[in-house]
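All chains should be modelled from the sequences, with the hints used to inform the complete structure.
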Amino acid sequence: MSAQGEHLSNSDLAKIFHTIADLLEIKGENIYKVLAYRRAADSLANLGGDAYEVWQAGELNQIPGVGKAIAEKLDELFRTGRLGFYEKVKTEVPVSLVDLLQVPDVGPKKAALFWGKAGVTSLPELEAAAREGKLRGLPGIGEKSEAKILAGIEALKRRSTRTPLGVAWPAAQELAAWLRNLPGVKAAEVAGSLRRMRSTVGDIDLVAAAADPKPVMEAFAHHSKVGQVLASGEAKTSVELKNTLRVQLWVHPPEQWGTVLQYATGSKEHSVHLRELAQDKKLSLSDHSIIQPDGQEVFYSEEAEVYAAIGLPWIPPEMREDRGEIQAALAGKLPRLIERGDLIAELHSHSTWSDGHSSIQAMAEAARERSLKVIAITDHSVSLGVARGLKIEDLQRQRVEIDAVQAKLGDSIRILQGTESEILADGSLDYPDEILAKLDVVIASLHSSLRQPRAVITERLLRAMRNPHVDIVGHPTGRLLPDREGADLDMDSVLKAAAETGIALEINAFPERLDLDDIYARRAAEMGIPLSINTDAHQPDHLDLVQFGVGVARRAWITPDQVINAWPTKRLLDWLKHRTKG
DNA sequence: GCCGTTTTCGGCCCGACTGTTTTCAGTCG
Numbered sequence: 001m002s003a004q005g006e007h008l009s010n011s012d013l014a015k016i017f018h019t020i021a022d023l024l025e026i027k028g029e030n031i032y033k034v035l036a037y038r039r040a041a042d043s044l045a046n047l048g049g050d051a052y053e054v055w056q057a058g059e060l061n062q063i064p065g066v067g068k069a070i071a072e073k074l075d076e077l078f079r080t081g082r083l084g085f086y087e088k089v090k091t092e093v094p095v096s097l098v099d100l101l102q103v104p105d106v107g108p109k110k111a112a113l114f115w116g117k118a119g120v121t122s123l124p125e126l127e128a129a130a131r132e133g134k135l136r137g138l139p140g141i142g143e144k145s146e147a148k149i150l151a152g153i154e155a156l157k158r159r160s161t162r163t164p165l166g167v168a169w170p171a172a173q174e175l176a177a178w179l180r181n182l183p184g185v186k187a188a189e190v191a192g193s194l195r196r197m198r199s200t201v202g203d204i205d206l207v208a209a210a211a212d213p214k215p216v217m218e219a220f221a222h223h224s225k226v227g228q229v230l231a232s233g234e235a236k237t238s239v240e241l242k243n244t245l246r247v248q249l250w251v252h253p254p255e256q257w258g259t260v261l262q263y264a265t266g267s268k269e270h271s272v273h274l275r276e277l278a279q280d281k282k283l284s285l286s287d288h289s290i291i292q293p294d295g296q297e298v299f300y301s302e303e304a305e306v307y308a309a310i311g312l313p314w315i316p317p318e319m320r321e322d323r324g325e326i327q328a329a330l331a332g333k334l335p336r337l338i339e340r341g342d343l344i345a346e347l348h349s350h351s352t353w354s355d356g357h358s359s360i361q362a363m364a365e366a367a368r369e370r371s372l373k374v375i376a377i378t379d380h381s382v383s384l385g386v387a388r389g390l391k392i393e394d395l396q397r398q399r400v401e402i403d404a405v406q407a408k409l410g411d412s413i414r415i416l417q418g419t420e421s422e423i424l425a426d427g428s429l430d431y432p433d434e435i436l437a438k439l440d441v442v443i444a445s446l447h448s449s450l451r452q453p454r455a456v457i458t459e460r461l462l463r464a465m466r467n468p469h470v471d472i473v474g475h476p477t478g479r480l481l482p483d484r485e486g487a488d489l490d491m492d493s494v495l496k497a498a499a500e501t502g503i504a505l506e507i508n509a510f511p512e513r514l515d516l517d518d519i520y521a522r523r524a525a526e527m528g529i530p531l532s533i534n535t536d537a538h539q540p541d542h543l544d545l546v547q548f549g550v551g552v553a554r555r556a557w558i559t560p561d562q563v564i565n566a567w568p569t570k571r572l573l574d575w576l577k578h579r580t581k582g
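Per the working numbering, the first sequence starts with residue 1, numbered consecutively.
A portion of the hints provided could be inaccurate.
As the list claims (entries may be wrong) - Below, in silico cross-link-like pairs of lysine-lysine (DSS-like), each with a Cα-Cα straight-line distance of 27 Å or less: (1) K157 / K134; (2) K90 / K117; (3) K268 / K148; (4) K88 / K15; (5) K438 / K391; (6) K148 / K225; (7) K117 / K144; (8) K577 / K408; (9) K281 / K33; (10) K391 / K577; (11) K117 / K157; (12) K438 / K373; (13) K88 / K109; (14) K27 / K148; (15) K577 / K496.
As the list claims (entries may be wrong) - Restraint-style ranges between C-beta atoms, simulated for each label pair: (16) G311 / Q62: 23 to 29 Å; (17) G84 / N181: 55 to 61 Å; (18) V386 / D280: 54 to 60 Å; (19) P313 / T91: 45 to 51 Å; (20) E92 / P139: 18 to 24 Å; (21) A231 / E297: 22 to 28 Å; (22) A211 / G84: 55 to 61 Å; (23) D280 / S449: 49 to 55 Å; (24) H357 / A211: 43 to 49 Å; (25) P253 / D280: 24 to 30 Å.
If you're looking for bench data, these hints aren't it; they were derived computationally from the structure. Positions of the beta carbon are idealized from the N, C-alpha and C atoms, including for glycine.
Listed below in C-alpha cells is the structure:
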C-alpha cells in the first residue's frame, strides 16, 4: 500500500455512523437499529487495521457488528466518498440536534421534543429557548428541568473536553484515600474508565463499601472540593467538583463489593455482554447482586466471584471494553498481561544535558530505587533548539560523564547513552550515521512540522525508520492529550515498515502522550512488532508515570514478551547492540 | 440492523435517580 491513500479513516467512518445512530434515535427509530449503527461505529473505531484495506480485501462482513446493510454503506462511502442514506437522514433531522445530546439530562426524547414543540435545532437555540422560559410547560418539563438544562450548557462551556488520565488519576486517588479514612468505610476504590486506564475520562467513578451507606454519602456531598450535588439517592451520589470534574460515588454494604465494583468499572459494553451471558444461564446480574433462576438473590463480596458465577475467570479491568475479552475468557485464552514489575529498563529519559531537570546520576539513582536494571539517557538532538539539543561534541563529553557515573554506581544499574533524535523535514536524522552507531540507544521522534500532509509526513517517518541505527520510534503520532491530534500518518504503512525493519515502537507513558494508543499498540503487537514502554522522564519522579504506559499496554492485551524493556537485561542489550550494527 | 452448539426469525441488560407525575418517562452508566 502506498502512503498516498486519502480515503476515509476508521475514525471518519465511526463519526459518520455514530451521527447516523444519534439522528435515527432522535427520529424515534427502532432502538435496536440505533444500537446496531452504534456498535458498528465502535467496532470501526476499535479496528487495529485500516477499514479501507478490509474493504479492498472484500472482508467487511468480518468486522463485528457489520452486516449486509452496513457493509453496503461502507462500500458506497469508499467508492464515492458519500453516503446517500446519511444525506437523506440529515434532511429529515437537523444534524446540529446531535449537539443537544451532550447536555446532561438531555437525551434523544427531549431533543426530539424541543425540536418538534419549540423549534430548537441547535445548542445555541436551546440555550436561548431555556433563557426565555420557552421550555417549561412542554410535556414533562418544569422550571427545574429548564434550570438544569441551562446549568448543563454552562458546564459544557466550562469543560470543553474530556479530562486526561494524568489529571483525573491523582484527583481520584486522593478522593478514594479520603473515603477510606471515613468511619464505617471498609474499602474504597477508583472504578470506571479510570480503573480501565482510558487515556481520557469523562468523569470519576468511585466505589465504597460500608454497612451504612448514608453517612458516607452525606460526608462525600460535603467534601470541601465539591461544588454542587447533582443527584443523591440511597446507593449513589453524583457531584460536580469546584474544578468542574464530575464524580460519582456508589456505596454498598461490603457483602456486595464484588458486584458493585464490577458494575462501576464497566465498560458499559462489557457489562452488557456480561449480562447477556448471565441471561443465557437464567441469571440476572445487577449492580448489587445476581438473582438465581429460582429467584434467590446472591451477593458477592469479590469481583472474581461475580465472574465465576457467570462461568468466567476474572478479567483485568483494562481489557473490559468488549473487544473480544469475554470470548477469550470463555476459551481460557486470556493473555498474561504485562505488569509494572516486569519492566527492568527505562529507555527514554532526559537529563540537564538537554531539557531535563536532573543530573544523569540523579536519574540513574532514581531508576535504581525503582528496581530498574537499565536506564538510557536519551537527551534531545541538536536541531531541537528549544530543548537545548546536544551537539556532537556535547555527546562526546556526555559519554565521559556517563562513564564516570557508571563507575560510581557500579553494577547496581547499567547506564546507556542514547539520543532522542529529531526526524528532520526530509526524514533524515540529526546526527551522521557514524555518530549514531556509537550510541547505545537511538530513538527517532517527530516534534516539528506535524501538520504536513499525510503522504509527506508518512514518507518522512518511513525514511527515518529505514535508518538501521534507529532502535525505537518515540511517541509515534506526536499527539498531545486532550486536544492536539497526532500527525496524519498512514499508520498501516508505519506498522508494516516496523514489522519489516524489526524496529520497536514506543508506548510513551507521559500522560499527555500515551502514544502509541491502545488500538495501534494492540495491532502492532499482533503483527509481532516489538514495543517499548518508556516514561520520557525529565526528572526522577516522572519514572513513576510508567504506570500509565503499562495501562495502555494492558488495554492493548500486551504480554511481557512483546515489550523489549521487560526482556532480561542480556537479551535487551544484545538486541540493542545487534540493531546498532545494522 | 445484527445475529445464531438449543434459533435464519425473534430476540437484542438492568436498575438507580430525577422531575414530573399520582404510576411513569427519560436519562445515565
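What's the verdict on K88 and K109, does the C-alpha distance respect the 27 Å limit or exceed it? Holds, at roughly 21 Å.
K90 and K117: Cα distance at most 27 Å? The hint holds at about 19 Å.
With a cut-off of 27 Å on the C-alpha distance, tell me whether K148 and K225 pass. Measuring from Cα to Cα gives roughly 21 Å; hence the hint holds.
So if I understand the rule, the pair passes when the alpha-carbon distance is 27 Å or less; does K577 with K496 pass? 23 Å, holds
Below or equal to 27 Å on CA atoms is what counts here, so check K438 against K373. 21 Å, holds
Is 24 to 30 Å a correct range for the gap between the Cβ atoms of P253 and D280? 28 Å, holds
Cβ distance range 49 to 55 Å for D280 and S449, holds or violated: Taking Cβ atoms as reference, D280 and S449 lie about 54 Å apart, which means the hint holds.
For the pair supplied as a hint, K281 and K33, confirm whether the alpha-carbon distance does not exceed 27 Å. Between K281 and K33 the Cα gap is close to 26 Å, so the pair holds against 27 Å.
Measuring from beta carbon to beta carbon, are V386 and D280 in 54 to 60 Å? Cβ of V386 to Cβ of D280: about 58 Å, so the range 54 to 60 Å holds.
Does the Cβ distance between A231 and E297 fall inside 22 to 28 Å? Given a distance of about 25 Å, which is inside 22 to 28 Å, the answer is holds.
Within 18 to 24 Å: is that where the Cβ-Cβ distance between E92 and P139 falls? 22 Å, holds
Assess, step by step, whether the Cα of K117 is no farther than 27 Å from the Cα of K144, and give holds or violated. Roughly 19 Å between the alpha carbons, so the hint for K117 and K144 holds.
The structure fails none of the hints (numbered hints given earlier).
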